[in-house]
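K.L.:
Given these sequences and hints, build the entire structure.
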Amino acid sequence: MAEKIIVLAEVQNGALRKNTPQLVDVARRLKSNAESRIILVLAGPKIESVATEAAGLPVDQVVRLEHDQAWQGTSEEILETLHAARQELEGDILVLGNTSLGKEIGPCLAQRWGWGMISDVIRLEDHQGKPTFIRPCYAGKVFDEIEMLQPQFVLTVRSNAFPPAENDGRQAEILERVIALPKDALKTSLVEVVERPTGKVELTEADVIVSGGMGVKGPEGFEFLKPLAEVLGAAIGSSRAAVLAGFIHPSHQVGQTGKTVSPSLYIACGISGAIQHKAGMSTSKCIVAINKDPDAPIFEFADYGIVGDLFEVVPHLTEEFRKILQS
Amino acid sequence: MKVVVLVKQTFATEARIELDESGEIISSRVKKVVNPYDEFAVEEAIQLVERKQAEKAAVLSLGNTETQEGLRQCLAMGVDEAVLIDESGMGGADSSITAELLAAALKKIGFDLILSGYVAVDDNAAQVPMRVAEILGIPHVNVVSRLEVQENSVKAWREADGRTEVLATQLPCLVTADKSLNKPRYPTLPNIMKAKKKPLATYTPADLGVDLKSPGCRVVRHFLPAGRAGAHLFDGTPSEAAAALVSALRNEAKVV
Ligand SMILES: Cc1cc2nc3c(=O)[nH]c(=O)nc-3n(C[C@H](O)[C@H](O)[C@H](O)COP(=O)(O)OP(=O)(O)OC[C@H]3O[C@@H](n4cnc5c(N)ncnc54)[C@H](O)[C@@H]3O)c2cc1C
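Just so you know, the protein sequences line up as chains L and Y, in that order.
At position 155 of the first sequence the residue is numbered 155 (our numbering), and the sequence of numbers has no breaks.
For any residue, its number in our numbering is found by taking its place in the second sequence, counting from 1, and adding 1000.
Just so you know, these hints were derived from the structure itself, not from any lab.
Computed from a prediction, not measured in an experiment: that's the story for all the values here.
Just to be clear, a hint being listed does not mean it is correct.
Only pairs whose alpha carbons sit at most 25 Å apart, straight line, appear in this in silico BS3-like list of lysine-lysine [stated by the list, open to error]:
(1) L/K18 - Y/K1254
(2) Y/K1194 - Y/K1183
(3) L/K46 - L/K187
(4) L/K226 - L/K292
(5) Y/K1198 - Y/K1107
(6) Y/K1183 - L/K217
(7) Y/K1198 - Y/K1002
(8) L/K130 - Y/K1213
(9) Y/K1196 - Y/K1031
(10) L/K226 - L/K18
(11) Y/K1254 - L/K323
(12) Y/K1002 - L/K187
(13) L/K226 - L/K323
(14) Y/K1194 - Y/K1213
(15) L/K187 - Y/K1107
(16) Y/K1194 - Y/K1032
(17) Y/K1196 - Y/K1002
(18) Y/K1254 - L/K285
(19) Y/K1254 - L/K226
(20) Y/K1183 - Y/K1032
(21) Y/K1032 - Y/K1196
(22) L/K18 - L/K31
(23) Y/K1155 - L/K183
(24) Y/K1056 - Y/K1107
(25) L/K187 - Y/K1155
(26) L/K18 - L/K4
(27) Y/K1052 - Y/K1194
(28) Y/K1196 - Y/K1052
(29) Y/K1107 - Y/K1052
(30) Y/K1056 - Y/K1108
P.N.:
Structure (structure tokens):
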């Protein structure tokens, strides 16, 4: 059977969200034969540059969906628009990011459509010729390999777990559709939006994260980490203890009750490595720890470490990175 | 107004997970707790009753006899009644079946506002609450860090990626809690004693008349992530160590 794979691309700050090419990569891996088709769906008001960028990805078609009511920008609108476009899209697999949006609309659509769903996929494998999905449970302490028993299903994919699909030099065709929503479809209204000053890089999408814990001693400690983060183009993360101590906004917290991140490089400064912290970052490709306690648990699962005072080490690191990145 | 909180009993967050010879997760030796995110929802429900915005707060869980302990803890925190759907003998339920059972029980016991944690820290699936809202055909707000309940509506602050959204919707609805919603209280000894006398009803799936579908997916295996070998440490002065580390990150790990 040639299946039709729908990938939902998100738009953030007027641009295609960074995880989009990764979702396309997953879709390509799921194609069972040459006839399988990948449709990249954008839901929302027209943004020319985003559609053009999306069409450069190796997909068969880009479909931009809009609905016939005033666009507020809620996830409910995207949910209802996708649902109303179901017949037209005729998809078999829906690939979403494991993002705020994906976590919300994925289970809703799976339930409505009677589809299966697997959340937070980090790898695809093969079990006796059938595709299987690897996902972390118990805060990354166990991985599950899951086989889908239903032909139609939704996946949410962890950011940075898959490489980005490369542009193939072709521009896919772009279709535009205005979807008529039932009058009472939208039940939620957006009263206000507060953009959060999390810096330029979204924590869950960042390729590099510089993270601070109680060892940074105070809010000034996070200022102290900023030059290192800037040189690396990194997002700033934190432990829960640092959040509870009021050093930094809760949106930076990494861990079991914070964000789950999977960057190429995670630099933990003054973080002991509690199991709940590890839960949020253990699938990072490379973990570096800077801690003055040689027995800190973080050294057990870091790849590289320096035993020392972060206030002495970090400026040297910044300097060394600057040398190699700016030469 | 009646608030019902969906809670799940999970492994304590510090629990070590081990597999037995057949590859199953060993759960017998592990300390169980109320899912930390659900505790925020329980606390919020109790505060709504204390502020007289709700008449009653109940907790509802799918579990087994062991789950009673978690439900008693919620009663000791201050909720008025507990309902357990006993799944013993069902051989496990996936998100869809769990949601069907919870929704059926919710219809039976009645609700105006449903609260729950947005994710359970064990299976990390974050599917059940949204599915419950779908089955009941009510609006939802997911991952909420602040909630205001009015007569017929709610206003909820939601942490979306990169921004906070303030959303409004009508009751009845379902709201899931993020960690910054509130600070859950610890049960006091007198309240632990009082909780023993509060009602805890038990239903079976048959009582709820739910037709149990076969699960939509199957776990082929559980496996433990490959352990990391332990950090390669760089010594020397801070400047020497930093130089050696950056060189390893570029040439060995190839991440910069
Ligand atoms: C239900 C539950 C959920 C939780 N969820 C999370 C979560 O999501 N995320 C999370 O992070 N935690 C979480 N925790 C908390 C977790 O258990 C730890 O308490 C927390 O991670 C510790 O933070 P920390 O490493 O910053 O602080 P500490 O454990 O106090 O460690 C500070 C470290 O800094 C080092 N240090 C001090 N000064 C310096 C210096 N000058 N230079 C270098 N190193 C220095 C110390 O040696 C120490 O290792 C949770 C706990 C519970 C019970």
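K.L.:
For which of the previously enumerated hints does the structure constitute a violation, in increasing order of number?
P.N.:
Hint 14 is the one this structure does not satisfy, whereas the remaining hints hold.
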